[in-house]
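Chains as they are written, first to last, in our numbering: chain G, 1 to 446; chain P, 447 to 892.
In short, the hints are calculated from the structure, not lab data.
Any given hint could be a false lead.
Said to hold, decoys possible - Just the calculated beta-carbon pair ranges, DEER-fashion: (1) Glu614(P) <-> Pro322(G): 26 to 36 angstroms; (2) Glu477(P) <-> Pro322(G): 52 to 62 angstroms; (3) Lys862(P) <-> Pro322(G): 30 to 40 angstroms; (4) Leu301(G) <-> Phe858(P): 52 to 62 angstroms; (5) Gly645(P) <-> Asn424(G): 42 to 52 angstroms.
As the list claims (entries may be wrong) - Which bits of chain G does chain P cover? Going by a derived footprint, with three or more residues having C-beta under 8 angstroms, they are: (6) 259 to 266; (7) 327 to 334.
Predicted model, so just to flag it, every value in this text is computed and none were measured.
Idealized CB from N, CA, C, for every residue including glycine.
Residue strings, one per chain:
Number of protein chains: 2
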Amino acid sequence: MVNIEGYTGGAAKTLVEAGANVGDKIRLSVEGRVVVGRLMPRVGSSSDILTIKLDNGYNIGVKSSKCKIEAVYPGSPSEHTSVRGETQKAGLIRGDGYVSLVSTGGTIASRVEYETGAVKPALSASELIQMVPELDEYARVRTRVLMSILSENMRPALWSEIAHAVYEEVGGGSDGVVVATGTDTMGYTAAALSFALKGVGVPIVLVGAQRSSDRPSSDAYTNLVNAVSFAKSGAARGVFVCMHSGVSDGESMVIEGVRVRKLHTSMRSAFQPVNAAPYAFVSGKSISYVHPPGTRGVDELDFKPNFSEDVSLIYFYPGVTPRKIRSMTEGSKGVVIGGTGLGHVASDLTDTLSELIRSGCHVFMTSQCLWGRVNMNVYTTGRRLLEVGVVPLEDMLMETAYVKLSWAVANFEWEKVPSVMRSNLVGEISERSVLTTQVHRSEGWT
Amino acid sequence: MVNIEGYTGGAAKTLVEAGANVGDKIRLSVEGRVVVGRLMPRVGSSSDILTIKLDNGYNIGVKSSKCKIEAVYPGSPSEHTSVRGETQKAGLIRGDGYVSLVSTGGTIASRVEYETGAVKPALSASELIQMVPELDEYARVRTRVLMSILSENMRPALWSEIAHAVYEEVGGGSDGVVVATGTDTMGYTAAALSFALKGVGVPIVLVGAQRSSDRPSSDAYTNLVNAVSFAKSGAARGVFVCMHSGVSDGESMVIEGVRVRKLHTSMRSAFQPVNAAPYAFVSGKSISYVHPPGTRGVDELDFKPNFSEDVSLIYFYPGVTPRKIRSMTEGSKGVVIGGTGLGHVASDLTDTLSELIRSGCHVFMTSQCLWGRVNMNVYTTGRRLLEVGVVPLEDMLMETAYVKLSWAVANFEWEKVPSVMRSNLVGEISERSVLTTQVHRSEGWT
Numbered sequence: 001m002v003n004i005e006g007y008t009g010g011a012a013k014t015l016v017e018a019g020a021n022v023g024d025k026i027r028l029s030v031e032g033r034v035v036v037g038r039l040m041p042r043v044g045s046s047s048d049i050l051t052i053k054l055d056n057g058y059n060i061g062v063k064s065s066k067c068k069i070e071a072v073y074p075g076s077p078s079e080h081t082s083v084r085g086e087t088q089k090a091g092l093i094r095g096d097g098y099v100s101l102v103s104t105g106g107t108i109a110s111r112v113e114y115e116t117g118a119v120k121p122a123l124s125a126s127e128l129i130q131m132v133p134e135l136d137e138y139a140r141v142r143t144r145v146l147m148s149i150l151s152e153n154m155r156p157a158l159w160s161e162i163a164h165a166v167y168e169e170v171g172g173g174s175d176g177v178v179v180a181t182g183t184d185t186m187g188y189t190a191a192a193l194s195f196a197l198k199g200v201g202v203p204i205v206l207v208g209a210q211r212s213s214d215r216p217s218s219d220a221y222t223n224l225v226n227a228v229s230f231a232k233s234g235a236a237r238g239v240f241v242c243m244h245s246g247v248s249d250g251e252s253m254v255i256e257g258v259r260v261r262k263l264h265t266s267m268r269s270a271f272q273p274v275n276a277a278p279y280a281f282v283s284g285k286s287i288s289y290v291h292p293p294g295t296r297g298v299d300e301l302d303f304k305p306n307f308s309e310d311v312s313l314i315y316f317y318p319g320v321t322p323r324k325i326r327s328m329t330e331g332s333k334g335v336v337i338g339g340t341g342l343g344h345v346a347s348d349l350t351d352t353l354s355e356l357i358r359s360g361c362h363v364f365m366t367s368q369c370l371w372g373r374v375n376m377n378v379y380t381t382g383r384r385l386l387e388v389g390v391v392p393l394e395d396m397l398m399e400t401a402y403v404k405l406s407w408a409v410a411n412f413e414w415e416k417v418p419s420v421m422r423s424n425l426v427g428e429i430s431e432r433s434v435l436t437t438q439v440h441r442s443e444g445w446t
Numbered sequence: 447m448v449n450i451e452g453y454t455g456g457a458a459k460t461l462v463e464a465g466a467n468v469g470d471k472i473r474l475s476v477e478g479r480v481v482v483g484r485l486m487p488r489v490g491s492s493s494d495i496l497t498i499k500l501d502n503g504y505n506i507g508v509k510s511s512k513c514k515i516e517a518v519y520p521g522s523p524s525e526h527t528s529v530r531g532e533t534q535k536a537g538l539i540r541g542d543g544y545v546s547l548v549s550t551g552g553t554i555a556s557r558v559e560y561e562t563g564a565v566k567p568a569l570s571a572s573e574l575i576q577m578v579p580e581l582d583e584y585a586r587v588r589t590r591v592l593m594s595i596l597s598e599n600m601r602p603a604l605w606s607e608i609a610h611a612v613y614e615e616v617g618g619g620s621d622g623v624v625v626a627t628g629t630d631t632m633g634y635t636a637a638a639l640s641f642a643l644k645g646v647g648v649p650i651v652l653v654g655a656q657r658s659s660d661r662p663s664s665d666a667y668t669n670l671v672n673a674v675s676f677a678k679s680g681a682a683r684g685v686f687v688c689m690h691s692g693v694s695d696g697e698s699m700v701i702e703g704v705r706v707r708k709l710h711t712s713m714r715s716a717f718q719p720v721n722a723a724p725y726a727f728v729s730g731k732s733i734s735y736v737h738p739p740g741t742r743g744v745d746e747l748d749f750k751p752n753f754s755e756d757v758s759l760i761y762f763y764p765g766v767t768p769r770k771i772r773s774m775t776e777g778s779k780g781v782v783i784g785g786t787g788l789g790h791v792a793s794d795l796t797d798t799l800s801e802l803i804r805s806g807c808h809v810f811m812t813s814q815c816l817w818g819r820v821n822m823n824v825y826t827t828g829r830r831l832l833e834v835g836v837v838p839l840e841d842m843l844m845e846t847a848y849v850k851l852s853w854a855v856a857n858f859e860w861e862k863v864p865s866v867m868r869s870n871l872v873g874e875i876s877e878r879s880v881l882t883t884q885v886h887r888s889e890g891w892t
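Please construct the entire structure, taking both the sequences and the accompanying hints into account.
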């Protein structure tokens with residue numbers, strides 16, 4: 001059976017006859033209309049549909065039986081291949097270095113099954129690049145498929161696997177590393193890499209899409225181009241998320257990995273910084289920094305890729321009982337609480353937390369308010385929690401605190417965990433005196 | 447011992463000699479300086495300090511031994527009394543009706559212990575009114591002290607108690623009811639009253655303060671005046687939260703009780719609407735409605751004040767195990783999950799949830815993103831959860847869903863709970879087609 005990068009049947013026959021291949025620009029006449037665009041990898045299982053990416057970024061599907069390929073303009077010769085766990089240079093443009101694209105799955109690497117309307121992870125990193133041939137203009141990109149999972153299935157052991165892969169890419173000489181991942185738990189993964197790769201000397205940029213790559217409204221294209229552009233720039237050090245800014249169609253916002261949270265289920269601008277300003281805005285080759293990158297520290301890379309699953313996150317709510325807290329935390333070496341307001345839980349839980357601490361479990365407090373700082377000295381409730389040994393974590397995001405605890409328990413001696421948690425390692429805690437005038441705006445979320 | 451509304455010792459002696467009482471405007475000379483202001487109820491345990499509220503809203507403390515009361519301008523004759531569980535008319539101004547102020551505790555009814563710097567709930571509803579004598583201009587206010595707790599100790603059984611008290615006030619002829627409560631769990635309580643008092647014909651307004659009433663930067667004064675103003679207006683029906691808008695010093699934002707969330711630990715503008723526009727803005731007697739109040743339904747009051755504690759809220763995170771979910775939900779009649787993104791959890795939890803459902807527990811899905819709507823048809827993970835019987839709750843806030851479940855389990859037959867949960871009863875679910883252009887802005891939260 002003829003199979004041209006996934007095309008079979010009538011579609012493959014049409015391509016063979018025209019001498020066209022995926023990545024080529026082609027001109028088609030479709031029932032009298034002329035369409036010019038780039039041939040994309042096969043989408044769905046229909047054997048008669050060609051997928052064409054138009055210059056405006058939209059994809060269309062064209063029945064091969066109803067069109068005629070009039071001209072073919074070959075794309076750049078591509079060496080992209082997707083070999084599990086193996087990296088290859090693309091060599092598309094000359095430069096001092098290259099950007100590594102590590103794919104873990106998620107919507108950005110997904111396509112719609114047109115039969116069911118559902119989205120499934122299906123694209124390899126190299127297919128991703130083929131869908132966005134414009135990346136040629138930004139960097140030599142080498143690709144690596146590490147895993148292919150939806151990010152709700154991400155877990156501490158997999159953060160460790162991703163950290164190892166990124167570490168290898170950095171060691172291999174990349175100017176920057178782009179990690180394509182699902183958006184559901186992207187904030188957690190960004191925090192995990194921030195701690196595992198503390199002091200990394202190049203930008204590590206997590207990128208994803210809220211809408212799959214083959215949908216017209218997809219943000220995959222913009223986010224990927226901007227992430228590669230930011231990674232290639234090499235001006236920033238550390239771990240970031242690069243997602244749609246919500247301001248203009250082609251703009252992405254770069255946010256520090258320990259300060260980012262998904263705050264909308266479906267909007268492209270779902271990712272917002274919490275208790276921090278955005279780090280930069282990227283629109284193709286134009287990068288504007290909110291914080292000048294020169295102000296970041298220049299530590300040595302301190303690679304600590306382990307994460308423990310013996311920790312728990314407890315979200316307090318009115319009516320939660322001591323029994324539930326005890327059973328949820330059984331066997332945990334550490335617990336992060338998402339308390340109310342300045343860092344509180346109901347008074348009838350104080351004894352439970354005290355017992356937990358005396359049994360050898362570290363207990364930390366964050367706030368489910370998300371924004372702001374815990375302060376357990378203001379009210380009696382907070383002071384009693386401090387007295388029994390609950391440790392407040394300043395303005396650290398609840399989710400970041402959970403990830404950090406998973407990391408601290410796995411990489412440090414038990415006694416050192418509280419001081420590690422209370423130290424600002426990669427920007428996860430800000431000093432009280434630091435105030436910025438940057439405005440957080442979430443337009444149109446009603 | 448002489449005791450003038452809490453003042454004792456030298457302070458009481460000074461007041462007796464001058465013929466001054468709490469609520470009076472007095473002119474003092476303090477070491478050569480002249481101070482004019484209203485005498486406030488006693489703050490702290492010192493027997494020599496008078497608390498004076500200046501015209502600019504700030505409170506100062508003056509040593510009675512170092513000042514001389516030069517003139518007394520009596521305040522309005524007050525009939526406020528604080529009798530537990532009993533309501534009394536104030537009769538301060540003439541009007542068609544009155545506003546009830548039900549106090550449950552919290553920062554708005556707290557004062558700083560100057561000895562320790564900590565904040566403790568201490569003010570009764572009538573003391574609150576005495577601290578804000580300007581309320582005379584807005585409504586006849588009758589007061590009722592229901593409980594005095596910090597709101598982290600609020601729980602389903604207490605929601606029921608508050609619902610009963612509000613029901614009695616409405617039945618007693620109030621134009622509106624203001625409920626003073628702590629901010630930590632104010633959103634949960636607002637949702638609880640929204641369901642318990644479905645169809646209520648007058649405004650029920652929850653109000654609190656981020657900073658205690660006797661602090662210069664307190665928002666207690668503004669919020670209380672605006673809450674009473676909004677409650678007295680009688681134009682709106684239903685349950686609302688009225689807290690500082692963050693825009694100008696004297697302005698509060700009114701938000702629907704099922705759409706409100708505390709989103710900052712310390713800022714006065716911590717309360718924001720989620721998946722909804724603000725309902726109104728209030729600045730003294732000026733009320734501007736975002737939604738014209740006429741558009742609300744005019745149901746009969748359907749009083750269902752019961753809440754069950756046999757329900758659980760599960761906040762998903764990467765690494766949470768089936769064992770933890772099982773132990774946390776043991777014995778629950780219903781569970782609300784705060785999933786990731788469009789409504790997901792890790793695939794290895796699907797079987798656990800399936801078992802839970804088959805054992806007779808209802809399981810509902812919301813998103814920890816807060817903003818946006820769950821949609822479990824897009825990804826395989828979501829569709830599998832639907833298949834095992836997890837019920838998606840559209841754009842309902844996670845916390846509102848938990849409160850509603852606690853209410854639904856207590857007031858409806860077990861079989862009816864899922865359809866009750868999926869029905870929009872008081873604005874907690876919006877239709878997909880409803881879009882507003884109102885902009886959510888959270889200025890300066892960085």
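Here is what the structure says about each hint:
1. Between Glu614(P) and Pro322(G), the C-beta spacing of about 33 angstroms keeps the proposed range 26 to 36 angstroms intact.
2. Remark: the range hint 52 to 62 angstroms for Glu477(P) to Pro322(G) is upheld by a beta-carbon distance near 54 angstroms.
3. Separated by about 31 angstroms at the C-beta atoms, Lys862(P) and Pro322(G) satisfy the suggested range of 30 to 40 angstroms.
4. With their beta carbons about 58 angstroms apart, Leu301(G) and Phe858(P) fall inside the hinted range of 52 to 62 angstroms.
5. The given range of 42 to 52 angstroms is respected by Gly645(P) and Asn424(G), whose C-beta atoms sit roughly 51 angstroms from each other.
6. Given as covered by chain P, the stretch 259 to 266 of chain G passes the check, having 5 residues with a CB less than 8 angstroms from a CB of that chain where 3 are the minimum.
7. Coverage of the stretch 327 to 334 of chain G by chain P holds in this model, with 3 residues showing a Cβ closer than 8 angstroms to a Cβ of that chain against a need of three.
In this structure, none of the earlier numbered hints is contradicted; all agree with it.
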